[in-house]
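With the numbering used here applied, the sequence shown has no gaps in its numbers, which climb one by one up to 1133 at the end.
Just to be clear, a hint being listed does not mean it is correct.
Cβ-Cβ distance ranges computed for the label pairs, FRET-style [said to hold, decoys possible]:
hint, residue 1, residue 2, range
1, V1112, S782, 19 to 27 Å
2, E754, H911, 18 to 26 Å
3, P793, E754, 15 to 23 Å
4, N747, Q692, 20 to 28 Å
5, P994, N747, 26 to 34 Å
6, S922, S751, 32 to 40 Å
7, D768, H911, 22 to 30 Å
8, P994, K795, 30 to 38 Å
9, E707, D768, 37 to 45 Å
Read the hints as simulated data drawn from the structure, not as lab findings.
Treat the numbers as computed from the prediction; the structure is a model and nothing was measured.
Glycine included, each C-beta is placed from N, C-alpha and C at the ideal position.
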Amino acid sequence: MRTDTPPASPSIFKDIDEILVENNAVSQDDMQRAREHAARTGESVIDYLLANEIMTREQLGKVIADTSEVAFADLAASPPSHNQVRSIPETLARSLRMVLFTWDEESVTIATDTPKRSMLKEAIASVYPEKIIHLAFAFPDDIDSAFTHYQDVLDHRVDKIVARGVNIAPQIVDAVMQEAVAMRASDIHFEPQENEVLIRVRIDGELRPAATIPPQLYDMVLNRLKIQANMRIDEHNASQDGAIRFHQGKETIDMRISVVPTVEGEKAELRLLAEYVKDVTFDNLGLSPRDQSRVHEASQKPFGMILATGPTGSGKTTTLYGILKRIKTPEVNVMTIEDPVEYRVRGINQIQVNSATNMTFASGLRSIVRQDPDIILVGEIRDKETAEIAVNASLTGHLVLSTFHTNDAATAIPRLLEMGVEPFLLASTLELIVAQRLVRKICQNCRVGRVVSRAFGEPDVTLYTGRGC
């Protein structure tokens, strides 16, 4: 969940604390604590309410929208596509702060952070004549994120940077990162080829070519990445791992970077941990109501072990952090040992694995159990020693959450037994195994349905396919 205060014009947040209480979005007691915290720390009331999950960003948006007598457009949850944004001329969109949100044959809904602006509907009518116009409130930072689609496509931007020949490496790195965030990518790949370096981004699980750069410039680009990630720039024959923190406007994006030597040169891969990834909570993981109830029940127990299984990149750690966000309270001590720390969460004590200082999963977990924890998250169970310590920790009054590399839930049990975990200990501690995959979802705005007849007198069913907005 995003906990940064969504910036807005002063008129929107004027007397927002009274508005929230009047709309029963926040209790008087919670608001009083928020005001005291704001007076003591200098943070805003909204910062406190969001960070402590007293209200969600969606609830805040709906309250603000209601005061403006419009709907709420959650552009973070339903980001507009490239074509969607560019359907409004850039000058007009930026001057009136508006983005196309939804549309059909008869009407359009325009998201804006200034829904009360005079003459707004008249200006929209010039772009969408003969359409019924609806307005919706959107947070200003989401509007700004959507505006990045007005930038040149990455390949053209890179060509312009190379042609200028000034400060090339930093500009290319920034351009690639900005484009990846705008496209809501999960990964960036820099792949040396024989005659060029291919840049690809993973969006919705699929890798897409984004740009190419001349191989003679790649060393500068790679060194730029290594310096940002505190890697050795003189090491070219060994793999290296690091982390980068990238700032785009008011948004901070944490990136995990891996560099490995290939026959054509060093390949770099960046995993993006932007707000659109961090926004995931227990309630929007996509679990069915039955499975959500099962996970919630297991997470409420004071001890035991919960495992998330699935292939690399299937969102196991995201699932566990969704659970942690639900169960962490000021009354419990939550500690994690991870490699690397992917999500930085307030109120959780997080430890980074570091082989140089002998901080391994096993040694770190052994130290954690002496830190009076209530809940422990182990980034991954990789070996017998880590498995045994995790099992013993769950036996001695700790709730242990961890990821485990198996393709399904059932395989996790024989794998743990093969590692040397005693069957009677496993039976006493293992509460739940979650097996998961990531799937792409059809856009709710452009989907097309078709009715399919079923045999044996079963009722017809409507199936949907994406039209491709």
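Going through the hints against the structure:
1. V1112 to S782: 19 to 27 Å: Between V1112 and S782, where Cβ atoms are some 38 Å apart, the hint is violated.
2. E754 to H911: 18 to 26 Å: 24 Å, holds
3. P793 to E754: 15 to 23 Å: 19 Å, holds
4. N747 to Q692: 20 to 28 Å: 46 Å, violated
5. P994 to N747: 26 to 34 Å: 46 Å, violated
6. S922 to S751: 32 to 40 Å: Holds - the Cβ-Cβ distance for S922 and S751, about 38 Å, lies within 32 to 40 Å.
7. D768 to H911: 22 to 30 Å: 38 Å, violated
8. P994 to K795: 30 to 38 Å: 50 Å, violated
9. E707 to D768: 37 to 45 Å: 42 Å, holds
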